[in-house]
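Line by line, the protein sequences are chains V and A.
Quick note: the first sequence uses the working numbering, first residue 4, plus one each step.
Quick note: the second sequence uses the working numbering, first residue 186, plus one each step.
Everything labelled a hint here was simulated from the structure, so no lab data went into it.
Please note: incorrect hints may appear among the correct ones.
Pairwise CB distance ranges, derived in the manner of DEER restraints [to be verified]: (1) A:358 x V:156: 55 to 63 angstroms; (2) A:389 x V:108: 31 to 39 angstroms; (3) A:217 x V:26: 21 to 29 angstroms; (4) V:8 x A:335: 37 to 45 angstroms; (5) A:389 x V:16: 41 to 49 angstroms.
Glycine included, C-beta positions come from ideal geometry on N, C-alpha and C.
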Amino acid sequence: MKTFDYHKPNSVSEAVALMSNEKDSRPIAGGMSLLPTMKQRLAAPEVLIDLSGIVALKGIEAGAGAITVGAMTRHVDVANSPAVANSIPALAQLAGGIGDPAVRNRGTIGGSLANNDPAADYPAAVLALGATVMTNRQEIPAEQFFRGMFETALAPGELITAVRFPLPIAAGYAKMPNAASRFALVGVFVAKFATGVRVAVTGAGPATFAFRCSNPRSRPAFSRPPSTAMASIRRD
Amino acid sequence: LVRTINGQGHETTYAQIVCEKLGVPFENIDVVYGDTDKVQFGMGTYGSRSLVVGGAALSKASDKIILKGRKIAAHLLESSEEDIEFAAGEFKVAGTDRKKAFADIALAAYVPHNYPLEVLEPGLEEQAYYDPINFTYPGGAHVAEVEIDPETGIVSLVNYTAVDDVGTIINPMIVEGQLHGGIVQGIGQALFENCVYDDASGQLLSGSFMDYCMPRADNLPRMMIATHSTPCTHTPMGVKGCGEVGTIGSPAAVANAVVDALAHLGVNHVDMPATANRVWRVMKSASLLQATE
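Just chain V, same shape as in the assembly (with noise of 0.2 angstroms):
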């Protein structure tokens, strides 16, 4: 790992102002993938903006007909949730299955969106749930935020600050692991709405995908066995 130098600032706006005054900083969040491609030499910013001292940013809220969830929460924060639980069930399995105990005491939901790993976790829930990504400058719709591999909506010097999850009436996910690093081969995240089923894939593609059954009476992918649905998934 090359040196770097270091900040840990208290507010958004203070990160903000780090980020434009530092040339080649990078925002840190959990860490999970950003130190190691730091270790691997991958990457080498000269300015790390640990963003782990903003109070603000952690933390989960339930509101009427959605839950905020701050973008600094971390994984396990979300799969222990209540709120979570009682809402979105299937957003605190999700969480509860993202990589392995270190990994979901460590890693954000905040830094899972904006890397946007092609095989991560988050992407899917965040698409099928039709959430709302927020930032310190704008609300972007999840279905504009996931851009391609590793490639999101943010600007430089945009910091996600929550996701905000409308409530489904029932959701579901499921992956199945790639046997070695356990990252989604292939990762679905099912939502069902008055307006009908949501489905978003991951891991089978540069960034997650959605495929959507607006019409419930014409269901195709449901009515076939699971190996065959998955191969007729197609990015809309």
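Once you've looked at the hints, dock chain A against the given chain V.
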């Protein structure tokens, strides 16, 4: 000892042999290894040979110590060497209660105030070489039970039972650990571990444990392991090789279980490792073949 130790528990097993032979307390035995300044030339540990070869040399060296100890004891006890019996760490004049402990003999050997210096060299240090006249033939029977998800090809090992004959057992717990580790290594070969090279560039694609799949605890059932001892006829202690027994049985047992699980589809071979992808493809092509027939 010339064997290098890397987790097989040699410190314990070798000390047990010396403890048993010389009757000295287990905690008084130091096993020195792996330092070429201190130990003789050696070839290392491999081929399940550490106990078979190194342990036999240790047993022979212990016998030489006892032989010399009897000469010293005969002098101290004013008896003839033939009358000295050695058992449980004591040299005794047969048919009497006159005896010397192993420690007394060792003291006399190194502080030879009362010692047959004219006929016997002081010191109590022996060296032994051993080359087995034959291989040892450990054997066993392994039974694997697998379940295959017909939709994904994921193979789950749900039960594993093995009975192995490693000859005389010095330490049952260490033998069980060796069998356990060997079996898991073989399961890794049968189901998970795979070196993949890129056909065009020759680049190793499975270059880290994120891609090269090692067997992990959650891949394994609780194994039933037992032993059945038939002492080897040509090694001094009747011991046989142990480290590789598990590794030899398990790939065959697991691979055969996978093929057996797919036999109804007409499958009679699956390449190792039987990854989900490979099994799924084999199932698909077998099903297609059956459909066209």
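Hints and how they fare:
no.: 1; hint: A:358 x V:156: 55 to 63 angstroms; verdict: 59 angstroms, holds
no.: 2; hint: A:389 x V:108: 31 to 39 angstroms; verdict: 32 angstroms, holds
no.: 3; hint: A:217 x V:26: 21 to 29 angstroms; verdict: 58 angstroms, violated
no.: 4; hint: V:8 x A:335: 37 to 45 angstroms; verdict: 55 angstroms, violated
no.: 5; hint: A:389 x V:16: 41 to 49 angstroms; verdict: 47 angstroms, holds
Checked against the numbered hints given earlier, this structure breaks hints 3, 4; the rest are met.
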